[in-house]
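Q: For reference, the chains in residue letters:
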Amino acid sequence: MLDGDTDDAQCYKDELMDQYTFTQTTLENGLPAYSYDPDDVVSYMCSYRSDYTISFDDTPSAADIQGILDMSGGKVGVSYNGHNYVVNKVKKSNGKVRLFDPTNPNNPYIWVPDSDLNGVYNFYRN
Amino acid sequence: MVFIISIEISTHSAYNDLMLGRLHSLDLPTYFLAYNDFDMRTTRFYHLLPLIFITILFCSKEGHGQDFSKTMAAEYGVKFTEPPHFKMYNNNDKPFLEYFFYMAKPDDRRRNILPDFYLVNRDSSILILIESYDYSPMVPDIFNHYWIDPSRIGFNHTVIYADTTHGPVIYYPARKRRYSNADWIAEFTRDLGSRNTLGDFKYNRNLVINKHEQIFLQVTYLFKESSKAQMDEVLKSTQHMFRFEDRPQVSPASIKTQLDRHYVQIDPDILGDSLDTKWNEGKIYRNLYYFWGEQFAFERNGIVISVKFPTNDKWPYMNHLYQERPDTTANMDKWHSADNDHRRFLALAKDTPYKCPQAKTGKLNADEAYVFSFSHDKDDLYRGVYRDCKVLVFHKRNLGSVIIKYYYRPQDNKKVKDVMESTWGEIAFKDKAFFDSLDGKVYPY
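Chains A and B are the protein sequences, given in the same order. Mapped onto the working numbering, the consecutive letters of the first sequence carry residue numbers 1 to 126. Mapped onto the working numbering, the consecutive letters of the second sequence carry residue numbers 1001 to 1445.
Note that these hints are calculated values from the structure, not bench results. Careful: at least some of the hints might be erroneous.
Restricting the straight-line Cα-Cα distance to at most 30 Å, the calculated cross-link-like pairs of lysine-lysine (DSSO-like) are [claimed, not checked]: (1) LYS1105/B / LYS1202/B; (2) LYS89/A / LYS1094/B; (3) LYS1070/B / LYS92/A; (4) LYS1432/B / LYS1350/B; (5) LYS1079/B / LYS92/A; (6) LYS1079/B / LYS91/A; (7) LYS1415/B / LYS89/A; (8) LYS1176/B / LYS1070/B; (9) LYS1432/B / LYS1378/B; (10) LYS92/A / LYS1094/B; (11) LYS91/A / LYS1415/B; (12) LYS89/A / LYS1070/B; (13) LYS1094/B / LYS91/A; (14) LYS89/A / LYS1283/B; (15) LYS1256/B / LYS89/A; (16) LYS1350/B / LYS89/A; (17) LYS1070/B / LYS91/A; (18) LYS89/A / LYS1087/B; (19) LYS1087/B / LYS92/A; (20) LYS1079/B / LYS89/A; (21) LYS89/A / LYS1278/B.
Turn these sequences into a full structure, and let the hints steer you where they fit.
A: What follows is the structure, encoded as structure tokens:
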């Protein structure tokens, strides 16, 4: 999975491209499009935006995650159990974190202890 | 003389049995009562017995692990009554009570149950896990490039987790929802597979209890072999365990907001007939979630016109929010699939759906339109009054769909047709000039 060795958006993008098979195509309007395998990575790829800072935290806590969510444009992505999720809710008082899978919106939410997260990607506006 | 009474309550044996080897003391706080010049040998001691009794009672209620007010459910308007023969525990301290499982149906994910709180019966043969999920609005952002209906997540928890090889999902009628004040309740057997950490809990029943735009609870009843015969009885005896206060987490979206989001226009003439109350409760038919509930409604000549905008997550994930034109070439199959999604609603017709001719479809600024009849179950009346309706489903290519239901009383069978005719086109997609002006910056839903 993603190892968090990088801390800026471009490298993050490059890292994804290194790790996953993708096909680049050109749309009717001339803009590039990417098809990824596995599809899950699309959620992160789509999130590449030059106006965002991306950082990695390898020892996340519910309080840290809430701190990012409180920032402008703050979002937190996480690889959990072999799948990519975004943090949807944090319960700081007991350290539970609720995850949502944006590439599979038909899936349920899951609650997990923050101690079960090996690392999170933080996204926030520059 | 000073006399100190120390009260400690030891670990509940049934609870220990459940922890799969993990000790978890109730650890109730120690309370001290101090009295000057207290002498046990005097009758004054007996005057203090009620106080001691009350103190013990207070400690047992306030000790962590047994205080419902500390649960997420309580925070979002759920009232809880502990059922007889069960004891309730919080799950607020690490290490949490958590179970893992792989579903029997094809699925590559290890899944978990991390309850908000749980209940145990006296001999530990029945465990009830309650997961709480409050409503969180979701709007497009750097991760979600499309609208996600957060109210639908509760339904996801039903269809994904239901093991229909043990029977269908049962949606409760009004009489079985009334006490809880829930909007819909689904009962099913949960697919917990055979690879799990549930130990001797081999059998289960599950409820998803939904309060629209507020919270939903996933209640998993687990039974050991010794309590298997009690499954129906336990569900019945615990049916008044939860009651919802009305505490919605979002203000109702205005009609204008809904219209703008879904590229729909409404004639001011019918807008004047809009109803203040919405009807978002009842059964979900054939698991078609978006046929349930409404965004807003009007009343015209005794006919209630209910409007719903179904959302559809089958649209291609990328290239339609930040791109100037929809990517209809690279993801042709996905666009095609999404453009056929609205036809699922035709399965609810009790007659043959009528496909409207181009002349009528054009008045809706749509590409396709169907009309069919639908009847609610007799124990699931719309607004507690109406059973029958005529349904109009219309769709605009690469954009979305609208469901309009015209509810009528049995004696108004002719009148409903007149109202449909007279209001036809008053609720429609925006016109071609509007979409042309967007230069392809259209967001499908």
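Q: Sort out whether LYS92/A lies within 30 Å of LYS1079/B, counting only the CA atoms.
A: 23 Å, holds
Q: Starting from LYS1415/B, check that the Cα of LYS89/A is at most 30 Å away, please.
A: 49 Å, violated
Q: When you check the alpha-carbon spacing of LYS1087/B and LYS92/A, does it fall within 30 Å?
A: 26 Å, holds
Q: Need the status of pair LYS1432/B, LYS1350/B: alpha-carbon distance at most 30 Å?
A: 34 Å, violated
Q: Under the criterion that the straight-line Cα-Cα distance not exceed 30 Å, is the pair LYS89/A, LYS1283/B satisfied?
A: The given pair, whose Cα atoms are some 28 Å apart, holds under the 30 Å limit.
Q: For the pair supplied as a hint, LYS1432/B and LYS1378/B, is the alpha-carbon distance within the 30 Å limit?
A: Not satisfied, since the Cα-Cα distance of roughly 42 Å exceeds 30 Å.
Q: Is the hinted pair LYS1070/B and LYS91/A satisfied, with a Cα-Cα distance of at most 30 Å?
A: 12 Å, holds
Q: Can you confirm whether the C-alpha distance between LYS1094/B and LYS91/A stays at or below 30 Å?
A: 13 Å, holds
Q: Regarding the pair LYS89/A and LYS1278/B, is the alpha-carbon distance no greater than 30 Å?
A: 28 Å, holds
Q: Quick one, are LYS1079/B and LYS89/A close enough, alpha carbons at most 30 Å?
A: Measuring from Cα to Cα gives roughly 22 Å; hence the hint holds.
Q: Can you confirm whether the C-alpha distance between LYS92/A and LYS1094/B stays at or below 30 Å?
A: 13 Å, holds
Q: Has the given pair, LYS1350/B with LYS89/A, been kept, meaning a C-alpha gap of at most 30 Å?
A: Roughly 42 Å between the alpha carbons, so the hint for LYS1350/B and LYS89/A is violated.
The structure does not agree with the numbered hints 4, 7, 9, 11, 16 stated previously, though it agrees with the rest.
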